[in-house]
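Number of protein chains: 2
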Amino acid sequence: MELQWTKIFLPEIKELIETKDFKGLRDFLRERHPADIVDILRELDPTERVMGFRLLDKNKISEVFTLFEPIEQEELLKQFTEQNAKDILVEMPPDDRTQLFDELPAHVVEKLLKLLPPLDRKEANELLNYPHNSAGRIMTPEYVDLRMDMTVAEALERIRKTGPNRETIYICYIVDETKKLRGVASLKNIILANPEQLIKDIMNENVFYVHTTDDQEKAAKVVQKYDILAVPVVDNEDRLVGIVTVDDVLDVVQEEATEDFQRMAGIQKIEEEYFRIGFSKRVLNRISWLVILVIAATISQTILKTYSGVLSSVIALAYFIPMLTGSGGNTGSQSSTFIIRALATGGVNFREWWRILLREFKVGAMLGLIMGLIAFTIAAISLKQITLPLTVAISLCIVVSVGNIVGVAIPLFFKFMKLDPAFVSAPLIATLLDATGLVIYFEIASRILATATP
Amino acid sequence: MELQWTKIFLPEIKELIETKDFKGLRDFLRERHPADIVDILRELDPTERVMGFRLLDKNKISEVFTLFEPIEQEELLKQFTEQNAKDILVEMPPDDRTQLFDELPAHVVEKLLKLLPPLDRKEANELLNYPHNSAGRIMTPEYVDLRMDMTVAEALERIRKTGPNRETIYICYIVDETKKLRGVASLKNIILANPEQLIKDIMNENVFYVHTTDDQEKAAKVVQKYDILAVPVVDNEDRLVGIVTVDDVLDVVQEEATEDFQRMAGIQKIEEEYFRIGFSKRVLNRISWLVILVIAATISQTILKTYSGVLSSVIALAYFIPMLTGSGGNTGSQSSTFIIRALATGGVNFREWWRILLREFKVGAMLGLIMGLIAFTIAAISLKQITLPLTVAISLCIVVSVGNIVGVAIPLFFKFMKLDPAFVSAPLIATLLDATGLVIYFEIASRILATATP
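Protein chains in written order, with this note's numbering: chain A, 6 to 459; chain B, 6 to 459.
Just so you know, not all the hints are guaranteed correct.
Just so you know, same-sequence chains aren't split out, so a pair can sit in one copy or run between any two.
[Said to hold, decoys possible] Below, a list of computed lysine-lysine pairs in the BS3-like style, where the Cα atoms sit at most 30 Å apart: (1) K65 / K127; (2) K310 / K389; (3) K63 / K166; (4) K193 / K166; (5) K65 / K205; (6) K193 / K127; (7) K65 / K166; (8) K230 / K83.
These aren't lab readings, by the way, just hints derived from the structure by calculation.
Make a model of the complete structure from these sequences and hints.
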């Protein structure tokens, strides 16, 4: 089957709904993968959506529900009877349930928790107690555990018995009587071993793990670095309490990239989906940087005021201000994007900072030279003289070189101070370069114009 | 074991090398995970690195080599004897070998291909023939295949026999005599089934697959959407030729995010590592956008020239140009970052474009109001008058509102035209807004100042 595009199904579904052919709709949905059912239901309006849900096979309902985003789950829950909600919640994987509860208001969570059987409720409460974005918060307690003195045959028996309810059976963890993590064995190793061998002889004692309170990014790093399907999560006393699987890691990687994008544009961290964010939160998340930048722009105003003498004698100097400040900012945001991403993905190492600065100096000078030549040509044609175009060209060349170096130097400095370089936003660099660029421009202008018109 | 930090080991290693304690070094490396050995070797200088390599256990050499980046592998290969190189290449997983060959100059690849045994050589040649960034190029032909008429016990026997050399044994593919893909069975399903059952009765016939020539992103999407450990790759005649596993998908996701980052900063796509990119390529990748922007800035020059009358009568108008253009650009790059990322990760749906525009209009107006008030206060204090500050405040409010909407509207328009919204770079939006902002500013200024000084 190829990747399914919902659009292809949509007319068929709409017709089934319009003609009230519920049997046809039920059969249609039965054939589809849960991930595709989610896409289809998303295209329907709310009442049709609930209707579609009701037509799903019982064992598929919870699977489909789980694939919706927490905010959509909240909407759906409102439409369900208490019994429906209970059935779904009990069947949901514990890590996805935590994500849903994270999203809901406290009083709703309390009500829903009461619907769960005592053991599930206890587990849900424990997971909700771990800090936001921690490994504990995204882990699932549904793993396969084995004992050291089991034979391979016994282990396989246990995997067959407990496996159906586990998030993964491909990685099994070996614990002792106190639940302390002692080793790991992949199903591959178990399958390939002799049935009489003891688990302790085929297990790997060097298990990489994270703690419940570690950041989720650390769990993602371990899974990526050691190329494993899941990382075990232990509590303060080294007891195994859950695992974080590779599919959760994919989500974390996606989320972290989004965070970096937003930071670079000077937006504070936002975890919700686009339409979920309220008006005041949207404004608040963006205003702080913008206000800082408006205030920082006072520097540019002061600089221009200082040079108002030169400016009023040659008013044409003002024409090139947007181009100069813009080019410095653009070059700086290019070079900072490069270095921030390279530092984040490990493409460069901080200790090579001098090599990076040297490279960027050369590249910046070349970019400045080319841009200066072009600007000179344009200005000379437009103004029909060469003194001012020369001023603009020299300034542009210097501004671009400086912008390029500053764009690299600030993130490197952040890294040196052990701060996250991704906090350096493109607007910050652009505003800093506005002021620098203006000083360079007017200093050069005062000199050249003074020589030209003695 | 916790995530290993190389720094902790480094002094110990450096000492082992200095005291020439090769036995100690060998024992030390034997205890380490290949991913950590890579990190350690990276910290050593080239001669130490090759020495460290020679001390590795034979079966670990190829595993460690594979984990290096292709460019580092190239460096290492130069230091190896032909026999060393051959041993390593033969042991390398085919997909990683393709990546290495991708990086090497054609004549080196030709030489290395000759070192491979005929079958491996044929396979390597086939993989190298698929287009860049295609599913065929990143797949591995090392999967487990089963037949429909096998029993579960026979299937397990086959998995035990072929498994050790396979990239994964957790997903097995069922093919017919012509190698056509007929179904899929997870090891979980096989393990949990009755040994006498037939594979055709437990397999899932609805296999999601991609074609060899499909983009690697499509393979990544299928793995992410359907939450599977690998996606099978078929040729034009639907014959199974390889699989793409979830670890490769993690790399693709990372790579695509980097590409989007670079595009947003107006940098052309770069696939190499930072230090790998030559001087002229670095300049060429960045210059095109920068030159376009310098030329586009001619619009701003023309606008300022048009308003030179107003400007020379009130020279102080020039002081606020950087703040106005900067604020418009910053707001626009914030809102475009939001929408581009949300469109890329599926957080918003294009069909809700009117809802998005409405939301952003409201948010932009509020941001503009707040920023206008602050700018008014600052300008009034600095200039000790209110006509000009009022002009600046009103202009800023409008420029920010417009900037916010434009930042969202352009990516949405790209999406509507079926172009990738990530091609809209922040510098492009900023330059467009520079010109718009200046017109708004001077139009308002001409009116207010004309009224104030009749």
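Each hint tested on the structure:
Taking identical chains as interchangeable, the C-alpha atoms of K65 and K127 lie at most 30 Å apart only when both belong to the same chain, with a minimum of 25 Å there against 45 Å between chains. Taking the closest pair of Cα atoms, K310 and K389 come within 30 Å of each other both inside a single copy (28 Å) and across two copies (14 Å). Within a single copy, K63 and K166 get their C-alpha atoms as close as 23 Å, which meets the 30 Å cut-off; across copies the closest is 39 Å, which misses it. Taking the closest pair of Cα atoms, K193 and K166 come within 30 Å of each other both inside a single copy (18 Å) and across two copies (12 Å).
Taking identical chains as interchangeable, the C-alpha atoms of K65 and K205 lie at most 30 Å apart only when they sit on different chains, with a minimum of 23 Å there against 38 Å within one chain. When the C-alpha separation of K193 and K127 is checked against a cutoff of 30 Å, the pair qualifies only between copies, where the shortest distance is 29 Å, while the shortest distance within a copy is 33 Å. For the identical chains of this complex, K65 and K166 are intra-copy neighbours only, at 22 Å inside a copy versus 36 Å across copies, given an alpha-carbon limit of 30 Å. In this assembly of identical chains, the alpha carbons of K230 and K83 lie at most 30 Å apart only when taken from different copies (26 Å versus 42 Å within one copy).
Checked against the numbered hints above, the structure violates none of them.
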